[in-house]
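*Asks:* Sequence:
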Amino acid sequence: MSRFRQETPDGTPGDGAGAQALARFLERRPRLFVLTGAGCSTASGIPDYRDPAGEWKHARPVQYADFMARHAVRQRYWARSMVGWPRMAAAAPNRAHHALTALQQRGQVERLVTQNVDGLHQKAGTESVIDLHGRIDAVICMACRLGLSRADWQAEVAALNPAWERHIGVASERPDGDVEIAQADYAGFVVPPCPRCAGIVKPDVVFFGEAVPAGRVSEAKAALAGADALLVVGSSLMVFSGFRFARHAAEADKPVVIVNRGRTRADDLAALRIDGDCGETLTAALEQSGSAA
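Per the numbering used here, numbering through the sequence shown is continuous, rising by one, with the last residue being 294.
In case anyone wonders, no lab produced these hints; they're calculated from the structure.
Incorrect hints may have been included.
What the hints assert, rightly or not - List of simulated lysine to any residue pairs, SDA-like, C-alpha gap at most 20 Å:
| # | residue 1 | residue 2 |
| --- | --- | --- |
| 1 | Lys222 | Arg248 |
| 2 | Lys222 | Ser129 |
| 3 | Lys124 | Ala90 |
Said to hold, decoys possible - Label-pair distances were calculated between CB atoms; the ranges are:
| # | residue 1 | residue 2 | range |
| --- | --- | --- | --- |
| 4 | Ser150 | Arg107 | 29 to 35 Å |
| 5 | Pro31 | Ser150 | 36 to 42 Å |
| 6 | Ala188 | Ala66 | 36 to 42 Å |
| 7 | Ser150 | Glu211 | 19 to 25 Å |
| 8 | Ala66 | Ala226 | 31 to 37 Å |
| 9 | Pro163 | Arg32 | 36 to 42 Å |
| 10 | Arg25 | Arg88 | 46 to 52 Å |
| 11 | Pro196 | Pro163 | 18 to 24 Å |
| 12 | Arg71 | Ala272 | 42 to 48 Å |
| 13 | Ala253 | Tyr65 | 51 to 57 Å |
| 14 | Gln21 | Gly189 | 29 to 35 Å |
| 15 | Val191 | Ala272 | 48 to 54 Å |
| 16 | Glu157 | Arg71 | 31 to 37 Å |
C-beta atoms are modelled at their ideal positions from N, C-alpha and C, and glycine is treated no differently.
Using the sequences plus the hints, can you model the full thing?
*Replies:* Structure, rendered in C-alpha cells:
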C-alpha cells in the first residue's frame, strides 16, 4: 500500500505527491465506483462523525430501536433536528463535490454511492447518485409509508414549537443536522403524527441500528461489478455499510484508492492511500490529469 501526506510548508493541504499519484491512477482507470463519506462534506460546514483516529467525535447518534420505541427519544431528536435543519438546508457543495461531478462528466464514474444524507452531490450536478443511507430532506411515516418533504415537515414542527426557534443559529452543530442544546428540557416538545394515519414520522434516512434497504445495496454491488476500481473519498469506512464495498472490491482484485483525513477501516486493502483534504486532492488530481474541476 502507498501512503502520501500532502502538505504545503504552512501545514495546509497542497498539490503534492498524493494528488500526483491520484492523477496517474485516474488516467489508468476509466470506470470508477466512487464511495463518499462525511469527510466529503465537512468543507460545506457539515461536521463529520469521527476524528483522524476513527473514534467518535460526539455522542453516538440516535439508535433506530430507541427512536421507534420511546416518545421521549423522538421529542429529543426532532427538537434538536428542527434547530439544526436550517444550516443543513443552506449547505452548498464544496470543491470535493464539484470535482466528483467533473470526474463523472469526463465519463470516468461508473456510479457514485454516498453514505451522506445531505444531497450535496446532487446539488453539485452529479447524476444517478445512490443515497445509501437515504436523504435528510425527506421524511416518511413508518406505518403507512407516506413521504413528505422535510421543508413542509419543518414548517409544521416549528409552528407547533415556536419557543425553540431561539436556539436556531446558536446551538452547537453535529452531523446530520443534529445540534447540542445546553440544558434543554424536551418534555414539552410537540412531535406531530403522520397527517394520514397518525403513525410515527421519521427522517427518510437509515439510523444507526437500522438496515440499509436491500435494493440499494444490490444496485450498488452491481455497479461495483461493472467498475474497474474503487475510489473512497472522505470516509473512515468504520460502518459496515460502506466498508463492505472495499472488501468486495478487494475480493474481486479491483484496486482500492482512499482519499481521507486519518485512518480508515480499509487501510490494509488500499493500493493507494492519500491522507489529505478531499477537495484539494481531487481538484489538483483532475487538473494534473487534464481536466480542471
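*Asks:* Hints first: check each against the structure and report whether it holds.
*Replies:* Hints, verified against the model:
{"no.": "1", "hint": "Lys222 <-> Arg248", "verdict": "holds, 11 Å"}
{"no.": "2", "hint": "Lys222 <-> Ser129", "verdict": "holds, 15 Å"}
{"no.": "3", "hint": "Lys124 <-> Ala90", "verdict": "holds, 11 Å"}
{"no.": "4", "hint": "Ser150 <-> Arg107: 29 to 35 Å", "verdict": "holds, 33 Å"}
{"no.": "5", "hint": "Pro31 <-> Ser150: 36 to 42 Å", "verdict": "holds, 38 Å"}
{"no.": "6", "hint": "Ala188 <-> Ala66: 36 to 42 Å", "verdict": "violated, 21 Å"}
{"no.": "7", "hint": "Ser150 <-> Glu211: 19 to 25 Å", "verdict": "holds, 21 Å"}
{"no.": "8", "hint": "Ala66 <-> Ala226: 31 to 37 Å", "verdict": "holds, 33 Å"}
{"no.": "9", "hint": "Pro163 <-> Arg32: 36 to 42 Å", "verdict": "violated, 52 Å"}
{"no.": "10", "hint": "Arg25 <-> Arg88: 46 to 52 Å", "verdict": "violated, 38 Å"}
{"no.": "11", "hint": "Pro196 <-> Pro163: 18 to 24 Å", "verdict": "holds, 20 Å"}
{"no.": "12", "hint": "Arg71 <-> Ala272: 42 to 48 Å", "verdict": "holds, 45 Å"}
{"no.": "13", "hint": "Ala253 <-> Tyr65: 51 to 57 Å", "verdict": "violated, 31 Å"}
{"no.": "14", "hint": "Gln21 <-> Gly189: 29 to 35 Å", "verdict": "violated, 57 Å"}
{"no.": "15", "hint": "Val191 <-> Ala272: 48 to 54 Å", "verdict": "holds, 53 Å"}
{"no.": "16", "hint": "Glu157 <-> Arg71: 31 to 37 Å", "verdict": "violated, 21 Å"}
Of the numbered hints stated above, those contradicted by the structure are hints 6, 9, 10, 13, 14, 16, listed in ascending order.
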